[in-house]
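There are 2 protein chains.
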Amino acid sequence: MLSLALALAAAPAPAKPPRTPPEIVAAAPASAWRAIPADDLLVIDYEGGGRTIVQLAPGFAPVHVANIRRLANSGYWTGSAIYRVQDNYVAQWGTNDAKKTLPPGIVAKPPAEYVRSPRGLVIRPLGFADAYAARVGFAGGWPVARYKDGSVSLTHCYGMVGVGRDLSPDTGMGGELYAVIGQAPRQLDRNIALVGRVIEGIEQMSALPRGTEALGFYKEGSVAKKIAQVRLASALPGSERPAFEYLTETSPAFAAYLDRRANRDDDFYRVKAGGVDLCNAPIPVRRVPAR
Amino acid sequence: MLSLALALAAAPAPAKPPRTPPEIVAAAPASAWRAIPADDLLVIDYEGGGRTIVQLAPGFAPVHVANIRRLANSGYWTGSAIYRVQDNYVAQWGTNDAKKTLPPGIVAKPPAEYVRSPRGLVIRPLGFADAYAARVGFAGGWPVARYKDGSVSLTHCYGMVGVGRDLSPDTGMGGELYAVIGQAPRQLDRNIALVGRVIEGIEQMSALPRGTEALGFYKEGSVAKKIAQVRLASALPGSERPAFEYLTETSPAFAAYLDRRANRDDDFYRVKAGGVDLCNAPIPVRRVPAR
Numbered sequence: 089m090l091s092l093a094l095a096l097a098a099a100p101a102p103a104k105p106p107r108t109p110p111e112i113v114a115a116a117p118a119s120a121w122r123a124i125p126a127d128d129l130l131v132i133d134y135e136g137g138g139r140t141i142v143q144l145a146p147g148f149a150p151v152h153v154a155n156i157r158r159l160a161n162s163g164y165w166t167g168s169a170i171y172r173v174q175d176n177y178v179a180q181w182g183t184n185d186a187k188k189t190l191p192p193g194i195v196a197k198p199p200a201e202y203v204r205s206p207r208g209l210v211i212r213p214l215g216f217a218d219a220y221a222a223r224v225g226f227a228g229g230w231p232v233a234r235y236k237d238g239s240v241s242l243t244h245c246y247g248m249v250g251v252g253r254d255l256s257p258d259t260g261m262g263g264e265l266y267a268v269i270g271q272a273p274r275q276l277d278r279n280i281a282l283v284g285r286v287i288e289g290i291e292q293m294s295a296l297p298r299g300t301e302a303l304g305f306y307k308e309g310s311v312a313k314k315i316a317q318v319r320l321a322s323a324l325p326g327s328e329r330p331a332f333e334y335l336t337e338t339s340p341a342f343a344a345y346l347d348r349r350a351n352r353d354d355d356f357y358r359v360k361a362g363g364v365d366l367c368n369a370p371i372p373v374r375r376v377p378a379r
Numbered sequence: 089m090l091s092l093a094l095a096l097a098a099a100p101a102p103a104k105p106p107r108t109p110p111e112i113v114a115a116a117p118a119s120a121w122r123a124i125p126a127d128d129l130l131v132i133d134y135e136g137g138g139r140t141i142v143q144l145a146p147g148f149a150p151v152h153v154a155n156i157r158r159l160a161n162s163g164y165w166t167g168s169a170i171y172r173v174q175d176n177y178v179a180q181w182g183t184n185d186a187k188k189t190l191p192p193g194i195v196a197k198p199p200a201e202y203v204r205s206p207r208g209l210v211i212r213p214l215g216f217a218d219a220y221a222a223r224v225g226f227a228g229g230w231p232v233a234r235y236k237d238g239s240v241s242l243t244h245c246y247g248m249v250g251v252g253r254d255l256s257p258d259t260g261m262g263g264e265l266y267a268v269i270g271q272a273p274r275q276l277d278r279n280i281a282l283v284g285r286v287i288e289g290i291e292q293m294s295a296l297p298r299g300t301e302a303l304g305f306y307k308e309g310s311v312a313k314k315i316a317q318v319r320l321a322s323a324l325p326g327s328e329r330p331a332f333e334y335l336t337e338t339s340p341a342f343a344a345y346l347d348r349r350a351n352r353d354d355d356f357y358r359v360k361a362g363g364v365d366l367c368n369a370p371i372p373v374r375r376v377p378a379r
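Chains G and F, in that order, give the protein sequences. Residues are numbered in this note's numbering as their position in the first sequence, beginning at 1, plus a constant of 88. Residues are numbered in this note's numbering as their position in the second sequence, beginning at 1, plus a constant of 88.
Isolated chain G, as found in the complex (with noise of 0.2 Å):
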């Protein structure tokens, strides 16, 4: 009896399946990544430190994303500001210096890239109801939503990061960005350009200070949060490349990690809610060492 107390003893204890969100994500194999390419990584270095990093969606605004990046690799936003930030709304930085020479192939006038033609998406369905649109769900690494006239668009989920524009027709060229820091503004989806969203340092905009003029401008003369540089990654020298990967919505994992989104039942709760939202599900990014 004694040796097989010992050997019970001696046994590992079996292994806790993965319960929570978190631990779904962590658990999930190599082959549910997909890695970000280094051209779709924008850096953005503040004075003083910090930084954050922004995903482009080249697959749902090209001409916008094309603009952003000939804009970074020209410096274009060294010296400029975060210089609006409006509680549960949106930080915007970046200018729009008409002044300011603009690097050669920018489209100044880029088209109304707000939705793009289902063709050649996979949309894997949210499964869950929607305010806004017939269709909710994620494609390529992005939550989306396809609206009755078949288009498709990125939605204004939380950190997702758009193109600063005037009235339309104007559809912005790229030199003012925001970012999503609020409940998600959805009304905004197909009235306005998404090129990203942050996935690393979002609590360097959402964190700072909000401005006191209408609309969350900051006074003028007080002190906006300062842009160093910004630098796709792929312009960083390769030690230095920040990399990073996301959960395919096409994998198992993936699965998992809506189903227990919607189904949350480890300890703390006492009812599953039996649903998400599409913004209360935000795609899994890690990062991973440099390539």
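Be aware that a few hints might be false.
Which copy? The list can't say, so a pair holds if one copy fits it or any two copies do.
[Claimed, not checked] Distance condition first, Cα-Cα at most 25 Å in a straight line; then the derived SDA-like pairs of lysine to any residue:
hint	residue 1	residue 2
1	314	303
2	314	298
3	360	238
4	104	254
5	197	357
6	236	154
7	314	300
8	104	328
9	197	355
10	307	138
11	307	295
12	187	363
13	314	252
14	314	295
15	104	257
16	236	352
Calculated directly from the structure, the hints in this document are not laboratory data.
Given the coordinates of chain G, assemble chain F onto it according to the supplied hints.
Structure of chain F alone, referenced to chain G:
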């Protein structure tokens, strides 16, 4: 002809009908507004200045709210702090110091006031789909969800305030509170006691540096925002007493407001959303002169 032209020129310009949600709210008649009782206003003053005001919801969590009023009246939170700020989730404050003497009348283990009976509640439906509940809408000035079993809960929208707790069956006695500062974490609905919402000064919480420890807790000894005192507005001298009103969900002005939130068509917009999420239609609240 000249005199006609002059007459026309002298006629007042036709009044522009209100078009944006803020314009609708600004034009709402006095009859559409209802006063918030001074006993339902929790006034949080910070060391070094700044104030946050929370409207309490005694109709949804009466035992917890009674506790909170007693704690406020006893000065329980003086010298406490905001000790947790997790990006896109919550800011949490207060204290649960077992050595601290509780004022008389505190219910140490309140019931799970996570849902309530629909009896006596008239829910004005939102009219758009929701990922979490069979029906959502507004009742008594609050965003609510009604579930298949007939129960009703408040919903974790931006700014809503809940009671921190340990694992079930603990429900928290009210000494530790949190406010939502990101995308609505609706999975918490029916799992925690919501007791109110921030109606002024949310930026005192949402713009704080994010805690660097797990779940957004601050590193021990690092600076959390210190709370000087927390009082009910009813405990303040009349001349200093803040006063607020909310737009009643039964008013035509509220219906017009909701319609504009769902169908923005002012000059910036190209496409109407045709819907709005419950948490993207915050109930309008306004400050009024002290009574």
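Structure-based check of all given hints:
With identical chains, the CA atoms of residue 314 and residue 303 are at most 25 Å apart within one copy only, with a shortest distance of 19 Å there and 28 Å across copies. In the homo-oligomer, the alpha carbons of residue 314 and residue 298 lie at most 25 Å apart both inside one protomer (15 Å) and across protomers (19 Å), since each shortest distance falls under that limit. Taking identical chains as interchangeable, the C-alpha atoms of residue 360 and residue 238 lie at most 25 Å apart only when they sit on different chains, with a minimum of 16 Å there against 33 Å within one chain. In this homomeric assembly, residue 104 and residue 254 come within 25 Å of each other (Cα to Cα) only across copies, at 22 Å, whereas the closest approach inside a single copy is 54 Å.
For the identical chains of this complex, residue 197 and residue 357 are inter-copy neighbours only, at 18 Å across copies versus 50 Å inside a copy, given an alpha-carbon limit of 25 Å. Taking CA atoms no more than 25 Å apart as the test, residue 236 paired with residue 154 passes in neither setting, with 29 Å inside one copy and 49 Å between copies. With identical chains, the CA atoms of residue 314 and residue 300 are at most 25 Å apart both within one copy (18 Å) and between copies (23 Å). Taking identical chains as interchangeable, the C-alpha atoms of residue 104 and residue 328 are never at most 25 Å apart, the minima being 37 Å within one chain and 56 Å between chains.
Within a single copy, residue 197 and residue 355 get their C-alpha atoms only as close as 53 Å, which misses the 25 Å cut-off; across copies the closest is 19 Å, which meets it. For the homomeric pair residue 307 and residue 138, the shortest alpha-carbon distances inside one copy (23 Å) and between copies (19 Å) are both at most 25 Å. Both within a single protomer and between protomers do residue 307 and residue 295 lie at most 25 Å apart by alpha-carbon distance, with minima of 18 Å and 17 Å respectively. Proximity of residue 187 and residue 363 under a CA criterion of 25 Å is satisfied in neither setting, with 50 Å inside one chain copy and 41 Å between copies.
Taking the closest pair of Cα atoms, residue 314 and residue 252 come within 25 Å of each other only inside a single copy of the chain (18 Å); across copies the shortest separation is 37 Å, beyond that limit. In this homomeric assembly, residue 314 and residue 295 come within 25 Å of each other (Cα to Cα) both inside a single copy, at 15 Å, and across copies, at 17 Å. Taking the shortest alpha-carbon separations for residue 104 and residue 257, only the inter-copy value of 23 Å comes in at or below 25 Å, while the best intra-copy value is 56 Å. Taking the closest pair of Cα atoms, residue 236 and residue 352 come within 25 Å of each other only across two copies (18 Å); inside a single copy the shortest separation is 32 Å, beyond that limit.
This entry does not satisfy hints 6, 8, 12, going by the numbered hints stated previously.
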